[in-house]
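Engineer: Here's the letter readout for the chains.
Protein chains: 2
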Amino acid sequence: MKFCSNCGAAVARRVPVGDSVPRWVCDACGVIHYQNPLVVAGAIPEYEGRLLLCRRAIEPRYGYWTLPAGFMENGETVAQAAARETMEEAGARIEIAEPFSMISVPYVNQVHVFFRARLLHPGFAPGEETLEAQLFDEAALPWKDIAFRTVGLTLKCWVEDRRQGRFTFHAEDIAAG
Amino acid sequence: MKFCSNCGAAVARRVPVGDSVPRWVCDACGVIHYQNPLVVAGAIPEYEGRLLLCRRAIEPRYGYWTLPAGFMENGETVAQAAARETMEEAGARIEIAEPFSMISVPYVNQVHVFFRARLLHPGFAPGEETLEAQLFDEAALPWKDIAFRTVGLTLKCWVEDRRQGRFTFHAEDIAAG
Chain A
537 MKFCSNCGAA VARRVPVGDS VPRWVCDACG VIHYQNPLVV AGAIPEYEGR
587 LLLCRRAIEP RYGYWTLPAG FMENGETVAQ AAARETMEEA GARIEIAEPF
637 SMISVPYVNQ VHVFFRARLL HPGFAPGEET LEAQLFDEAA LPWKDIAFRT
687 VGLTLKCWVE DRRQGRFTFH AEDIAAG
Chain B
537 MKFCSNCGAA VARRVPVGDS VPRWVCDACG VIHYQNPLVV AGAIPEYEGR
587 LLLCRRAIEP RYGYWTLPAG FMENGETVAQ AAARETMEEA GARIEIAEPF
637 SMISVPYVNQ VHVFFRARLL HPGFAPGEET LEAQLFDEAA LPWKDIAFRT
687 VGLTLKCWVE DRRQGRFTFH AEDIAAG
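One line per chain: the protein sequences are A and B, in this order. If you read the first sequence in the working numbering, its first letter stands for residue 537, the second for the next number, and so on. If you read the second sequence in the working numbering, its first letter stands for residue 537, the second for the next number, and so on.
Any given hint could be a false lead.
[Claimed, not checked] Straight-line distance between alpha carbons at most 25 Å, and here's what the computed DMTMM-like set of lysine to aspartate or glutamate pairs gives: (1) A/Lys692 - B/Glu612; (2) A/Lys538 - B/Glu612; (3) B/Lys692 - A/Glu609; (4) B/Lys692 - B/Asp563; (5) B/Lys538 - A/Glu612; (6) A/Lys538 - B/Glu609; (7) B/Lys538 - A/Glu708; (8) A/Lys538 - B/Asp563; (9) B/Lys538 - A/Asp563.
Treat the hints as calculated values from the structure; they're not laboratory data. Treat the numbers as computed from the prediction; the structure is a model and nothing was measured.
This is chain A alone, in the form it adopts within the complex (with noise of 0.2 Å):
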């Protein structure tokens, strides 16, 4: 950021009275410009025992698989917005049930957070930034080709917790590197 929002001037870095980290300051207005983490949502779509993955056609990772996901919107909530993406990405309808992981990414300022869900139909429409939507046994995952490693870990946990019979939340960071 280099200009104001609000006023057009031109914004300085640095830490403002009382505060302790670096922001964008606007001198000409005091508005002072935060930038926060955002949250991503997706839903881990089940239907007779499989999962619903869709392939990306967009960068980054394009050609990769990943769960339905992707930024929160303002004015709705986060299983909104699981339920929101997964339309979007694979056209698919689905039913949202308990929140599943919450993943920190700290080196990319955002939270990731995945809802177990039921998927109301088998058929897919998949939208412009989806190459393919697909059910997955488990035995089938393409663990390989996954293209985020918030969805890896959390089809990990999932085949872990549906071994032991019993799903539970996962709260988990994941480091650079």
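Guided by the hints, dock chain B onto chain A, whose structure is given.
Structural biologist: What follows is chain B alone, placed relative to chain A:
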């Protein structure tokens, strides 16, 4: 937002191509300025069965009681944010345990996440945002003077869970009104 933070030109509110909701768009440099929900991270610090609350020295809700909580910053995990806010608001060191509640508040574009936590020492040094910090027995919790609905709901769930002898994760939404 009225000006482009990237180039300083005036921005317009419209639906970008391929999108479905209005954004602030800069026609001069092409940047789309997304606005997304903020994460508020907080703690439920316990010490010998009592809970730590802080009485607010700032608006909104000056003089009302809250669990220590605040906006998550870039570069930290949700748990780190909760511990930092507890230090800033109560001058209290805690050991973060498991996440306890995740509450969407879509009408203010926020997601509140509270962690169970163990207060390491019963001494406090409230920061500038806090009038006083105090440990409360369950029977003495100031239910009528709680600052925020997410804090009241989290405390209610905590009290019910303790009575049942087992703590679980609570996902909730709070609607306007």
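Engineer: Each hint needs a verdict: does it hold in this structure or not?
Structural biologist: To see whether the hints hold, each was checked on the structure:
{"no.": "1", "hint": "A/Lys692 - B/Glu612", "in the structure": "24 Å, holds"}
{"no.": "2", "hint": "A/Lys538 - B/Glu612", "in the structure": "23 Å, holds"}
{"no.": "3", "hint": "B/Lys692 - A/Glu609", "in the structure": "28 Å, violated"}
{"no.": "4", "hint": "B/Lys692 - B/Asp563", "in the structure": "49 Å, violated"}
{"no.": "5", "hint": "B/Lys538 - A/Glu612", "in the structure": "23 Å, holds"}
{"no.": "6", "hint": "A/Lys538 - B/Glu609", "in the structure": "20 Å, holds"}
{"no.": "7", "hint": "B/Lys538 - A/Glu708", "in the structure": "38 Å, violated"}
{"no.": "8", "hint": "A/Lys538 - B/Asp563", "in the structure": "17 Å, holds"}
{"no.": "9", "hint": "B/Lys538 - A/Asp563", "in the structure": "17 Å, holds"}
This entry does not satisfy hints 3, 4, 7, going by the numbered hints stated previously.
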